[in-house]
Every structure is written in C-alpha cells, then in structure tokens.
Amino acid sequence: MKKMLCVIMVLILAVGLVGCGKGAKTQEGAKVDFPTKPITLIVSFAAGGGTDLGARLLAPYLEKELGVPVVVENKPGGGGWIGYSELLKAKPDGYTIGYVNTPGLITGYLNPSAKRQQNLDSFTYVANHVLDPGVIAVRADEKRFTTIQELIEYAKKQELTTTTNGVGTGPHMAALDINQKMGTKFKPVHFNGTGEYLAAVLGGHIDVFIARVGESLEPVRDGQLKVLAVTTKERVPQYPNVPTMNETVGEVLNYSSRGIAAPKGIDPKVLEKLQTAFEKAMKNPEHVQKMEKMGLTVHYLKGDDYKNLLKAEEKVIQNLKPLLGWN
Amino acid sequence: MESLGYLLQGFETAGTWANLLLCLIGVTFGMCVGVLPGLGPTAGTALLLPLTFGLPPVSAVIMLSGIYYGAMYGGTITSVLINTPGESASLMTCMDGYPMARQGRAGSALGIAAIGSFIGGILALLVLILVGPIVAKQALKFGPPEYFALVVVGLSLLIGLMGKSLLRGLIAALFGFALALIGMDPLTGTIRFAFGMEELEDGFEFVSIAMGLFGLSEIFITAEENLNAQAQKPPKIQNMLPRREEWGPSIKAILRGSGIGMILGLVPGTNSVIPTILSYTIEKKVAKDPSRFGKGAIEGVAGPETANNAYAGAALIPLFTLGIPSSPSIAILLGAFIMHGLTPGPTLLQKNPEFVWGVIASMFIGNLILLIMNLPLANVWARITMVPFKILLPNVLIIMILGAYSINNSMFDVGAMLAFGILGYFMKKVAFPLGPVLLAFVLGKIMETSLLKSLTIFSGSFIPFFQRPISATLLVVAFAIISISLYFAYKEKGIDADTEI
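Chains as they are written, first to last, in the numbering used here: chain P, 261 to 587; chain Y, 6 to 506.
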C-alpha cells in the first residue's frame with residue numbers, strides 16, 4: 261500500500277515538474293504572451309473605501325481588455341504601506357500590481373519615524389487612475405470672508421483653524437503650503453474622517469473646510485458649505501465657477517492621486533501591454549461616467565508622466581518637511 | 006412629526022425580505038448567546054461582526070443590533086431555569102427568578118420578563134425617535150472640547166462605578182488606554198509603540214481585541230470549567246402570565262425599570278449591569294414587604310429585566326448622535342459602523358437617514374419577534390442549554406478565527422485575537438474586569454484626539470475648556486462624580502458593579 265502511494269506521489273511530482281518546465285518555456289519563447297492567468301490588483305485600503313470602489317469599478321473593463329480575471333485584493337493598514345510592502349515583495353511579472361495613493365505613499369517614506377528605505381524609485385508606474393483635487397470651503401453663512409482673497413487677507417492677521425484628515429494628508433499639506441507661501445496663520449486641526457470634520461465646521465468649531473472635491477460635493481449641494489477655491493492648475497468640472505488658487509491669490513497645488521504601480525524590474529513588453537489595457541479601460545466613457553457619479557475624476561497618465569506627477573508632489577512635501585517637524 | 010415620516014420609510018427599508026431575515030437571524034443568534042452561559046452580547050456581536058462585511062451597512066447593523074438586544078431577552082431564561090445568568094445583565098434576575106421557578110412558576114417569571122423587556126425596549130425606541138433628532142441638531146454644538154469633556158464624564162463614571170474592585174478596574178482601564186496609544190500620534194504623525202511592525206502603525210484592530218478579550222477568553226473559561234459537565238435538564242414551563250393581583254406591581258416595576266434603563270443608557274461609561282442592579286435595589290426599597298425579595302417576588306424579575314432592555318435601546322442615542330459608545334457592546338456596534346464606512350455623529354442622521362431609521366424600525370420588528378419567541382416558544386429555548394459544549398465551542402472557535410482573518414485578510418489579526426484571548430483568560434482568572442479595557446481603548450482614542458484637537462484650537466491653553474458652557478458643565482459633573490464616589494468609597498459603600506460586562 262505504502263509503495264503504491266509512493267509511486268503515485270512520484271508520478272504526480274513528475275507531471276508537475278514537466279508542467280512547470282513547459283510553462284517556463286512558453287514564457288521564454290513568446291514574451292508578449294501575457295497575461296495567461298488571473299491578475300491580482302492589490303488595494304491597500306479597506307473594502308468599501310474610495311480607492312476600493314474605484315478599483316472595483318475599473319476591474320470589469322480591465323478584464324475585458326486583458327481577457328483574464330482581475331482580482332481585487334484588500335490589504336489595508338499602515339496608511340497603505342502594508343499593501344505597498346506586499347506589492348514590492350511580489351514577483352515583477354505583471355501578475356501582481358496595486359494601487360498607490362498620494363500623499364500617503366510619499367509621506368510614508370518621508371516621515372522619519374516610519375524608518376522606511378523605499379522611495380518613488382522602488383516602484384514601476386503603470387498608469388494614474390484618479391486625481392482628486394483639493395478644495396477650500398467655508399460655512400455657507402460665513403460672514404467674515406466670502407471670497408478666497410478675503411479669506412487669505414483675514415488669515416494673515418488672525419489665526420484660523422482648518423480641517424485635515426490626519427497628519428501629512430493633503431488638506432494638512434495645503435494649509436502648511438499656503439502658510440509658507442503667503443504668510444497666513446492657518447492652524448490645521450487633525451480629524452479622523454470627513455464626517456467628523458464636516459460636523460466640526462458646521463458647528464462653528466473650525467473655521468475653514470479643506471478637503472477633496474469628492475468630499476465637498478454633498479454638503480455643497482445641501483447648501484451647508486460654500487467653496488472658495490480649488491487647488492489645481494485649472495478649474496474643475498464639478499465647480500466651473502470656482503476659481504483656482506493660481507488665478508486669485510497665488511499658486512498652490514494640492515490634490516491626491518491614485519494610480520497603479522508594479523514592483524520594479526517588470527518586463528517592458530509586459531508593462532506596455534498593461535498600460536495599453538489600463539488606458540483603454542480608464543478612458544471607457546461608461547467607466548468615466550460611473551466614477552463621476554461618485555465624485556471621482558478619472559485622469560489617465562501613462563507611466564513616466566505619472567511618475568513626474570508624483571515627483572512634483574514629492575517636492576512640495578519635501579519643502580514642507582521643516583513645518584511637519586520631519587527632520 | 007417629521008420623524009414619523011422617516012420612521013415609515015425606515016419600515017420600508019427594514020421590511021424587505023432580506024432585512025427581515027437578517028433581523029430574524031440576528032435576534033435568534035442573540036437569544037442563543039443570551040441563553041448560553043459564557044457567551045454574552047459583547048462576544049456575540051464581536052463574533053458576527055466580520056461576517057457582515059459583505060452586507061450593505063443597514064443590513065449589517067440590523068443584524069448586529071439584533072444580537073445585542075436579543076441577548077438581553079435570552080439571558081433571562083437560564084437565570085430563571087438553572088440559576089445561571091446567560092449574560093451578566095440577567096444576574097439580578099436569578100435573585101427572584103430562580104425561587105419563582107422552584108415554586109413551579111418559571112412560566113410567570115419568564116412571561117413577565119419578556120413582557121417587561123418588550124415594553125422597556127419599545128419605550129426606549131420611542132424616546133430615541135423623539136429625542137434623537139433633537140439631540141442630533143444640538144450635537145453640532147459638540148466640538149472637540151465638548152467631546153473631550155463628555156469622555157471625561159464617561160471615564161469618571163467608569164471608575165466611580167467600579168466599587169470594591171477599584172484598583173483592578175483602574176489597572177484594566179489604564180491597560181486599555183495604553184493599547185489606544187499604539188499607532189500614529191494624531192498630532193505629529195510619529196509612529197508610537199509599533200516596534201517596527203507595519204501592522205501596528207494604525208494601532209490594534211478593535212475587533213481582534215474585542216473578540217479575543219470577550220469571546221475567546223469566555224470559550225477558554227467555559228472549556229475549562231464545563232466541558233464535561235452534564236447539562237442540567239431545565240424544568241417544564243407553563244402558565245406564562247402572572248397572577249391577577251401581580252399585574253399592578255409588575256407594571257409599576259416595568260415603568261420604573263424603563264426610566265432607569267433609559268437614563269443610564271444615555272451616559273457613556275456605564276454597562277447594562279448597572280441599571281439592573283439599580284432597578285432591583287429600588288424595587289426592594291419601594292415594596293410594601295421587602296422581605297419577599299429573594300424568595301420569588303415578581304417585581305424583582307420585572308424591574309431589572311425591563312431596565313436592561315430599556316438601557317439597550319437608549320444607549321443607541323449617544324451612539325447615533327455623537328458617535329460615543331456607552332458600553333462595550335455598543336462600542337462593537339460603533340466598530341461596525343466605521344467598518345461599513347459610516348461615521349456615527351451629528352451628521353449621520355442627516356446624511357444617512359435611511360440607515361438610521363431603517364435600523365430603528367428593524368428594532369421594533371425585532372422586539373416583536375423576540376416577544377413571540379419568548380412567550381409561546383420559551384420551552385424550545387430552554388432546550389438550547391442542553392447543547393454539549395464539546396460540540397458548541399470548537400465551532401464557535403472556527404468562526405472566530407475566520408472572522409479575525411477576514412478583517413484585513415491578515416494573519417496578524419488572528420494572532421492578535423489569540424493573544425488577547427489568552428490575556429483575557431488570565432485576567433478573568435485573577436478577577437480583572439475586562440469591560441474597562443475595551444471601553445478605555447475606544448474612549449481613550451476619542452479622548453486623546455479630542456484633547457489634542459481642542460488644544461490646537463485653543464493654542465495650547467486649558468482655560469477655554471471652562472469658558473464654554475457645555476464643556477465646563479460636563480467637567481464639573483465629572484468632578485462631582487469622582488468626589489461622590491470617593492466619598493462613598495470612604496464610607497465603604499458604593500454599588501458593586503464589578504460583574505463582567
């Protein structure tokens with residue numbers, strides 16, 4: 261009986277080995293034979309969050325382009341870095357890719373207490389998916405300042421509290437950036453989430469609402485908030501009548517980007533294939549419309565352009581390091 | 006009146022087949038954890054929480070809250086029949102419920118408990134409907150300083166009500182605080198006490214702590230004590246209604262119990278045991294013949310059983326309007342809200358009315374289901390106490406491990422749960438209360454962030470805390486609570502509330 265089992269085991273092993281060899285061969289021979297198995301898309305944030313929803317909306321279109329299943333896998337924690345670390349540990353074969361979000365990606369290694377060795381060069385960039393512009397808003401019944409110019413002038417003389425959703429997040433950087441450039445006295449107060457700081461602004465405990473366009477849509481529609489400016493180069497489609505900082509008081513660029521990265525060392529041909537698929541999927545009008553409904557702006561950028569966007573953001577944060585106490 | 010319209014919409018949400026089914030599952034499971042000694046509502050809710058991840062938020066919370074108030078009903082059965090409280094809120098029910106059962110009146114005891122629980126639950130819901138929206142509007146006045154002051158009140162009550170076990174309670178609470186400090190500093194972003202583990206950069210996962218400390222430790226203890234114990238055969242239940250002359254005092258006890266439960270439900274830092282003890286004490290005081298108590302007085306069952314259900318309903322008011330949990334079970338519900346992307350607080354009623362009112366409506370339905378389950382079907386439930394632990398415990402353990410893994414798809418949380426389970430086991434062995442650990446963990450985080458936010462707003466000064474009317478009042482109340490409990494501690498009195506939550 262035991263002998264029999266041994267023989268069967270050996271047989272199975274042998275078949276397995278032969279199978280493996282075959283697989284390796286086909287990959288060697290025809291490099292463009294990608295993909296042949298399901299692709300794992302790591303989302304480093306909890307299921308149901310903004311990044312997760314965006315990924316799940318994109319996955320079906322991606323599957324259509326690539327012809328294989330795209331499996332969204334949530335690996336939340338550590339401000340996204342649990343998932344990023346896992347992504348970096350994966351084989352650079354194109355079958356494991358993942359979302360990276362700013363500014364958490366960048367602050368994750370710039371924050372000295374995190375003691376991380378990685379940086380932007382640790383990843384290969386596939387494509388940017390979403391760009392969520394920053395907004396500056398106040399209570400709808402605010403009398404002290406009704407335009408961005410008035411707000412900045414007021415804040416130069418008087419301290420004003422602003423909302424953030426945590427240390428080193430976009431809204432935090434925006435307030436520090438404006439202080440540095442324009443000599444305003446904004447005091448960022450750290451909250452845990454939008455719901456929490458919206459209540460604090462509406463209750464009059466915090467003066468200025470700094471957040472993302474997506475988070476401001478509902479309270480603005482309900483007439484609770486009034487948007488004074490957006491922190492992008494150009495005006496945003498959601499608020500065509502709202503000026504940018506650039507055209508009023510001076511350049512302040514602040515947004516968060518969510519895109520797809522792969523571990524370093526991925527085959528350029530595989531990367532190219534992925535990029536083409538992502539471009540088609542992201543630019544699908546149906547997908548763009550679905551994302552817009554959630555207040556998310558699809559902003560496709562290919563590999564190098566995407567990396568340049570991240571580098572620009574890294575520079576902004578580098579400049580703010582002294583203000584963050586990260587030396 | 007506005008509320009009434011919303012409530013009707015809520016019934017529409019709660020009345021779909023899927024949600025009705027989940028409500029039924031929730032209250033049935035709640036009855037089970039209530040009936041089974043060892044598993045309480047906190048452990049039960051924590052246990053099922055990870056299984057709700059795939060559900061829409063409203064359905065998930067309908068089910069989870071069903072477990073919570075369902076357990077309040079279920080705990081009674083074992084208290085009355087075999088003199089073992091199924092969960093701690095039914096502790097006082099043993100005092101007179103079991104003597105009633107020995108006189109062959111188990112039916113009446115269970116009947117009045119079910120009726121009282123139903124009335125208490127429904128009254129608390131009505132108060133929630135009437136008061137909730139008003140509180141929610143006022144809640145915008147609660148800025149960071151007011152949150153801080155409210156949490157201070159809650160924590161002083163937590164300490165004040167510890168009674169004899171003050172030292173152990175304090176150690177437990179401080180341990181909870183220490184756990185809350187793990188993770189990123191909310192003011193500077195410095196990573197604290199993570200020991201180089203990326204998993205700890207966001208702090209411990211609340212669910213793994215809750216499941217470990219409450220669920221797993223209970224399983225260990227039960228396994229140790231009762232694994233081979235012969236299940237007691239419960240007596241037959243008949244005559245569910247009390248005698249005619251008992252109705253008057255019972256109804257009065259039920260109304261008093263409702264009042265006590267509702268008021269205590271509003272206060273953070275309490276637990277569902279305190280209203281039952283208070284209600285029992287009051288019933289004994291107002292009774293014409295206090296000597297009947299302990300020998301089968303029906304008011305002694307009616308009052309406390311009502312109080313714990315009224316408490317369960319009223320505790321939802323601070324949760325829905327301020328996002329502050331009153332008790333460990335409610336803290337787990339809060340965890341469920343956050344996992345499903347909802348922020349409990351002043352904007353919840355405004356932003357997600359269909360959610361809030363759907364859950365409230367489901368609780369009416371759930372209470373009705375429970376009333377039916379408890380009156381005609383009491384005999385069926387009594388038999389659950391006979392399921393051997395040998396079969397029950399391993400199954401529960403499997404569900405827990407799966408649940409812990411599914412929070413973040415990570416083995417780290419499973420390990421954390423196991424570690425907290427072992428820790429909880431030893432804490433129970435040396436009679437450390439576990440409730441304060443969990444409450445201090447949750448309230449500690451709120452306290453730290455709201456303190457830091459306030460100090461940023463006030464530019465580092467503490468004086469403005471006393472210049473804002475709400476926060477000043479609350480801080481004075483906290484001071485009064487501490488002073489009074491110190492006074493009572495000095496007189497060697499105080500409520501003995503160190504029973505497990």
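Keep in mind that the hints were calculated from the coordinates and are not lab data.
No residue lacks a Cβ here, since even glycine has one placed at the ideal position from N, Cα and C.
Among the hints, erroneous ones may be present.
With a straight-line Cα cutoff of 30 Å, these simulated DSS-like cross-link-like pairs (lysine-lysine) come out [claimed, not checked]:
1) Y:K434 to P:K447
2) P:K349 to P:K553
3) P:K486 to P:K403
4) Y:K241 to P:K445
5) P:K550 to Y:K142
6) P:K553 to Y:K290
7) Y:K433 to P:K403
8) Y:K142 to P:K553
9) P:K486 to Y:K146
10) P:K529 to P:K349
11) Y:K142 to P:K486
12) P:K417 to Y:K146
13) P:K403 to Y:K434
14) P:K550 to P:K562
15) Y:K395 to P:K486
16) P:K349 to P:K375
17) Y:K356 to P:K447
18) Y:K142 to P:K416
19) Y:K257 to P:K403
20) Y:K433 to P:K447
Beyond 10 Å from chain P on every Cβ pair, some chain Y residues (computed) [as the list claims (entries may be wrong)]:
21) L56
22) T89
23) L145
24) K146
25) T195
26) I196
27) E203
28) A228
29) L347
30) K356
31) E359
32) A424
33) G449
34) L457
35) F471
Cross-check of the supplied hints:
{"no.": "1", "hint": "Y:K434 to P:K447", "in the structure": "violated, 49 Å"}
{"no.": "2", "hint": "P:K349 to P:K553", "in the structure": "violated, 35 Å"}
{"no.": "3", "hint": "P:K486 to P:K403", "in the structure": "holds, 12 Å"}
{"no.": "4", "hint": "Y:K241 to P:K445", "in the structure": "violated, 75 Å"}
{"no.": "5", "hint": "P:K550 to Y:K142", "in the structure": "violated, 33 Å"}
{"no.": "6", "hint": "P:K553 to Y:K290", "in the structure": "violated, 62 Å"}
{"no.": "7", "hint": "Y:K433 to P:K403", "in the structure": "violated, 58 Å"}
{"no.": "8", "hint": "Y:K142 to P:K553", "in the structure": "holds, 29 Å"}
{"no.": "9", "hint": "P:K486 to Y:K146", "in the structure": "holds, 20 Å"}
{"no.": "10", "hint": "P:K529 to P:K349", "in the structure": "holds, 21 Å"}
{"no.": "11", "hint": "Y:K142 to P:K486", "in the structure": "holds, 21 Å"}
{"no.": "12", "hint": "P:K417 to Y:K146", "in the structure": "holds, 27 Å"}
{"no.": "13", "hint": "P:K403 to Y:K434", "in the structure": "violated, 61 Å"}
{"no.": "14", "hint": "P:K550 to P:K562", "in the structure": "holds, 21 Å"}
{"no.": "15", "hint": "Y:K395 to P:K486", "in the structure": "violated, 62 Å"}
{"no.": "16", "hint": "P:K349 to P:K375", "in the structure": "holds, 18 Å"}
{"no.": "17", "hint": "Y:K356 to P:K447", "in the structure": "holds, 27 Å"}
{"no.": "18", "hint": "Y:K142 to P:K416", "in the structure": "violated, 33 Å"}
{"no.": "19", "hint": "Y:K257 to P:K403", "in the structure": "violated, 54 Å"}
{"no.": "20", "hint": "Y:K433 to P:K447", "in the structure": "violated, 46 Å"}
{"no.": "21", "hint": "L56", "in the structure": "holds, 14 Å"}
{"no.": "22", "hint": "T89", "in the structure": "holds, 39 Å"}
{"no.": "23", "hint": "L145", "in the structure": "violated, 4 Å"}
{"no.": "24", "hint": "K146", "in the structure": "violated, 6 Å"}
{"no.": "25", "hint": "T195", "in the structure": "violated, 5 Å"}
{"no.": "26", "hint": "I196", "in the structure": "violated, 5 Å"}
{"no.": "27", "hint": "E203", "in the structure": "violated, 4 Å"}
{"no.": "28", "hint": "A228", "in the structure": "holds, 31 Å"}
{"no.": "29", "hint": "L347", "in the structure": "violated, 8 Å"}
{"no.": "30", "hint": "K356", "in the structure": "violated, 7 Å"}
{"no.": "31", "hint": "E359", "in the structure": "holds, 14 Å"}
{"no.": "32", "hint": "A424", "in the structure": "holds, 17 Å"}
{"no.": "33", "hint": "G449", "in the structure": "holds, 14 Å"}
{"no.": "34", "hint": "L457", "in the structure": "violated, 7 Å"}
{"no.": "35", "hint": "F471", "in the structure": "holds, 17 Å"}
This entry does not satisfy hints 1, 2, 4, 5, 6, 7, 13, 15, 18, 19, 20, 23, 24, 25, 26, 27, 29, 30, 34, going by the numbered hints stated previously.
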